[in-house]
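Protein chains: 2
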Amino acid sequence: MNESYLDKFARLTIELGVNLEKGQPIVIRSSTDPELVKFARKCAQAAWKAGASEVLMDWRDSEISALEYANKDLEAFKTAPSWKVDFYESAAKNNAAFLLIDGDDPEAFKDADPLKMVSARMAMNSATPTYRGGIDNGSLAWCVVAAPSAGWAKKVYPDLSEEEAVNVLWNDIFRISRIDENDPIENWLQHGAKLNAQMDKLNQAGIVKFHYTSSNGTDLWVDMPEGAIFVGGASKLADGRENFCNIPTEELFSAPALDGVNGTLEAVFPLNENGKLVEGFGFTFKDGKVVDYHADKGKEVLDALLQGGDGADRLGEIALVDKSSPIRQGNRIYYNTLYDENAACHFALGQSYAECLPGAQTMSKEDLKQHKFNQSEIHVDFMVGADDLNIDGYTKEGKLIPVFRNGSFTTEFDL
Amino acid sequence: MNESYLDKFARLTIELGVNLEKGQPIVIRSSTDPELVKFARKCAQAAWKAGASEVLMDWRDSEISALEYANKDLEAFKTAPSWKVDFYESAAKNNAAFLLIDGDDPEAFKDADPLKMVSARMAMNSATPTYRGGIDNGSLAWCVVAAPSAGWAKKVYPDLSEEEAVNVLWNDIFRISRIDENDPIENWLQHGAKLNAQMDKLNQAGIVKFHYTSSNGTDLWVDMPEGAIFVGGASKLADGRENFCNIPTEELFSAPALDGVNGTLEAVFPLNENGKLVEGFGFTFKDGKVVDYHADKGKEVLDALLQGGDGADRLGEIALVDKSSPIRQGNRIYYNTLYDENAACHFALGQSYAECLPGAQTMSKEDLKQHKFNQSEIHVDFMVGADDLNIDGYTKEGKLIPVFRNGSFTTEFDL
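Those protein sequence lines, which keep their order, are chains A and B. Those letters in the first sequence? Residues 0 to 414, by numbering that gives the first Met the number 0. Those letters in the second sequence? Residues 0 to 414, by numbering that gives the first Met the number 0.
Isolated chain A, as found in the complex:
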């Protein structure tokens, strides 16, 4: 078979990423950057080949969006356009799959007002209950992948020419996403099986509390909600089929208890929050809530995020990533959450994933909150996996179970 890596990546994205069914519509979100356009076309082609009933495009252009942030008042971002609400809601009602091709310039919105950005996202989220609900409770199939915009490639490889940087970043993406001479679907089923086995070990250990420590100042206690489990690899859709919401994915993740987080966390990578970078930052929590925070750069982004409504100032995700991850091994910061979060242990502020609570797919948001699962309009990951990170687990009975030592799973969990 003489299938190019790009074609393989597109097929993997459609067949495993969103696991498109014959007769299902798909929404593809892409930017106008040439490499993203090229990959979007490949994905559209793969989607039709897989039997899509419809391929709907949602294009963005970060330069034009930056102009919008610069020229429109905050108030204007507080209402989502009706046609865009209709686009997402009608697609969700038709059980569309949702594919996001990420990879924009990490600093595309460095001059934008973060309050405008958060407001726009919150307005859209609250106006699209079918779409947001389906994404959050896992009944809709969605997937995030990334392709190298020129801006992203130059941020990761500033010393290369634009063309070289794009090529080198494509090669990183292929390597990290397990695209090689073999069948990509096979590679991923194997990878998913390994993550599943690790997930089972972790869930069987009966850990109800974690303690994170590393030399950079992280010292955090995290209670787990009753019944919460770690998941990883493939997600289960409402109809029982499986898909991979992130390509790549190297994490096992769950939800911390909404009111059960205490201590301090220091980030180890910059955070690229939708085109704005935050560097050298950390949080202090008391009973789940952020009570203090700092940042060397981009603190105004955190200011805006933490004002992102109910739950924005509490954690919603706890995720374990071994430092042997192929992304971490490249020893490179990608300034892109999809890549960086799969290089290191991380947490997220905001919305929890309902799939981490068996039976949650039919629960209301209120029910989930009762189960101590964060319900929020935002979900922002940040990385805490220092090279010397230790994580201890404790069972209900108080038994200590070492989970991480020096950034890696202990032998008990390392398969």
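Heads up, some of the hints might be wrong.
It does not matter which identical chain is used: a pair holds within one copy or between any two.
[Said to hold, decoys possible] Straight line, CA to CA, 25 Å or less: simulated DMTMM-like cross-link-like pairs of lysine to aspartate or glutamate:
{"hint": "1", "residue 1": "37", "residue 2": "106"}
{"hint": "2", "residue 1": "48", "residue 2": "222"}
{"hint": "3", "residue 1": "154", "residue 2": "278"}
{"hint": "4", "residue 1": "71", "residue 2": "14"}
{"hint": "5", "residue 1": "77", "residue 2": "376"}
{"hint": "6", "residue 1": "92", "residue 2": "354"}
{"hint": "7", "residue 1": "364", "residue 2": "180"}
{"hint": "8", "residue 1": "193", "residue 2": "161"}
{"hint": "9", "residue 1": "37", "residue 2": "62"}
{"hint": "10", "residue 1": "37", "residue 2": "161"}
{"hint": "11", "residue 1": "200", "residue 2": "391"}
{"hint": "12", "residue 1": "48", "residue 2": "72"}
{"hint": "13", "residue 1": "37", "residue 2": "171"}
{"hint": "14", "residue 1": "37", "residue 2": "110"}
{"hint": "15", "residue 1": "48", "residue 2": "106"}
{"hint": "16", "residue 1": "92", "residue 2": "74"}
{"hint": "17", "residue 1": "364", "residue 2": "57"}
{"hint": "18", "residue 1": "48", "residue 2": "161"}
{"hint": "19", "residue 1": "322", "residue 2": "179"}
{"hint": "20", "residue 1": "83", "residue 2": "57"}
{"hint": "21", "residue 1": "21", "residue 2": "72"}
{"hint": "22", "residue 1": "395", "residue 2": "185"}
{"hint": "23", "residue 1": "77", "residue 2": "88"}
{"hint": "24", "residue 1": "71", "residue 2": "57"}
{"hint": "25", "residue 1": "21", "residue 2": "62"}
{"hint": "26", "residue 1": "71", "residue 2": "110"}
{"hint": "27", "residue 1": "21", "residue 2": "74"}
{"hint": "28", "residue 1": "109", "residue 2": "62"}
In short, the hints are calculated from the structure, not lab data. Quick caveat, the model's predicted, so the values are computed rather than measured.
Got chain A; can you put chain B on it based on the hints?
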């Protein structure tokens, strides 16, 4: 002033093309081709600078649309998506300006079923009465310009490299659009004044019937509806302000009587109908209706067009272009209607422009039809301006007034 030609072209497009008002929204339609993206960004910037309240983007990608034509059944194209209808209707209700950045590959849809393409357009047109009505009766400001996609540039300059072809085509566009070292607005006001003066001469001549003849077989009689006038250069918006709907524009145009066209017309350029080429074609008319037609290539495009509903098989526009036009002088076929129609006398099948009937802006479609103005879901221009084209005009009293000799205005009308 060190303003680049590209910036000047964008400013001309916004300030004169759609004549954007402070506080007015604008819809910009562009493809994802890199040069169109580049120009769309410049236009968005110019629009914000001119005081736009909102810049709404409608992106297209011809490769992805071609996949859609190839994979979806005809039936699916007969209904316009509700969100797209909402996008156009709500923008039109907010009195948005509409800018189309054209310039796609003239053969992007060479393999597409023309019936699907016509159906999609008709479905969208009939579902958007506020938008279509506002475009047709001139109460909405709209403008069509073009930027060189790689595909278009290579079609016009097949012997150049893609990069060279794009650069040479940009230079053509600048030259033809009167972008030079001077202020582009001044250049265009002068050009508009000349077209206006010519228009006045033609309207004062009292011509009620035209006779077209050229050696390629054209021999056509055209009656004019009572009260119809020729217009050219700037259009008058409902509120009295002026805009240029086409950049470039070299034509004086009016509407032929719906039932008053008899004889034969031979096209002199290929027709690029939305990504499909028709070559070596012509029509025979009786009492306004097409009774026969032929094409050496792409006849199926004409088959589909003529089935485009009421009025699709009758003319709706008669346009005079002197062969001294800067586009014709380059002696090059552009395979793009905006450019080719401004190189030669042409007609259009389908919808007439209401601005060619004083007082028509408040008339219903039925009223306009009573005035013998074609009302149709389509509008497709084709060029008939042979080098030896002669056009005679006749007054109500039967007086002969020579209008064109050998492809150029007679001295009476040449200013």
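Outcome of the hint check:
1. 37 x 106: both (22 Å within a copy, 19 Å between copies)
2. 48 x 222: Classified as neither; 46 Å inside a copy, 53 Å across copies.
3. 154 x 278: So residue 154 and residue 278 pass the 25 Å test inside one copy only (15 Å; across, 49 Å).
4. 71 x 14: between (40 Å within a copy, 20 Å between copies)
5. 77 x 376: within (13 Å within a copy, 37 Å between copies)
6. 92 x 354: within (20 Å within a copy, 43 Å between copies)
7. 364 x 180: Intra 44 Å, inter 63 Å, cutoff 25 Å: neither.
8. 193 x 161: neither (36 Å within a copy, 47 Å between copies)
9. 37 x 62: The answer is both: 19 Å in one copy and 10 Å across copies each meet 25 Å.
10. 37 x 161: Both: 16 Å inside a copy, 17 Å across copies.
11. 200 x 391: within (15 Å within a copy, 91 Å between copies)
12. 48 x 72: between (44 Å within a copy, 15 Å between copies)
13. 37 x 171: within (17 Å within a copy, 28 Å between copies)
14. 37 x 110: So residue 37 and residue 110 pass the 25 Å test across copies only (20 Å; inside, 28 Å).
15. 48 x 106: between (35 Å within a copy, 23 Å between copies)
16. 92 x 74: Intra 29 Å, inter 21 Å, cutoff 25 Å: inter-copy only.
17. 364 x 57: neither (28 Å within a copy, 35 Å between copies)
18. 48 x 161: neither (32 Å within a copy, 30 Å between copies)
19. 322 x 179: within (22 Å within a copy, 59 Å between copies)
20. 83 x 57: both (9 Å within a copy, 12 Å between copies)
21. 21 x 72: between (44 Å within a copy, 15 Å between copies)
22. 395 x 185: Classified as neither: same-chain Cα gap 39 Å, cross-chain 81 Å, threshold 25 Å.
23. 77 x 88: Intra 18 Å, inter 21 Å, cutoff 25 Å: intra and inter.
24. 71 x 57: both (21 Å within a copy, 19 Å between copies)
25. 21 x 62: Between copies only: 22 Å across chains, 36 Å inside a chain, cut-off 25 Å.
26. 71 x 110: within (14 Å within a copy, 42 Å between copies)
27. 21 x 74: Classified as between: cross-chain Cα gap 18 Å, same-chain 42 Å, threshold 25 Å.
28. 109 x 62: within (11 Å within a copy, 32 Å between copies)
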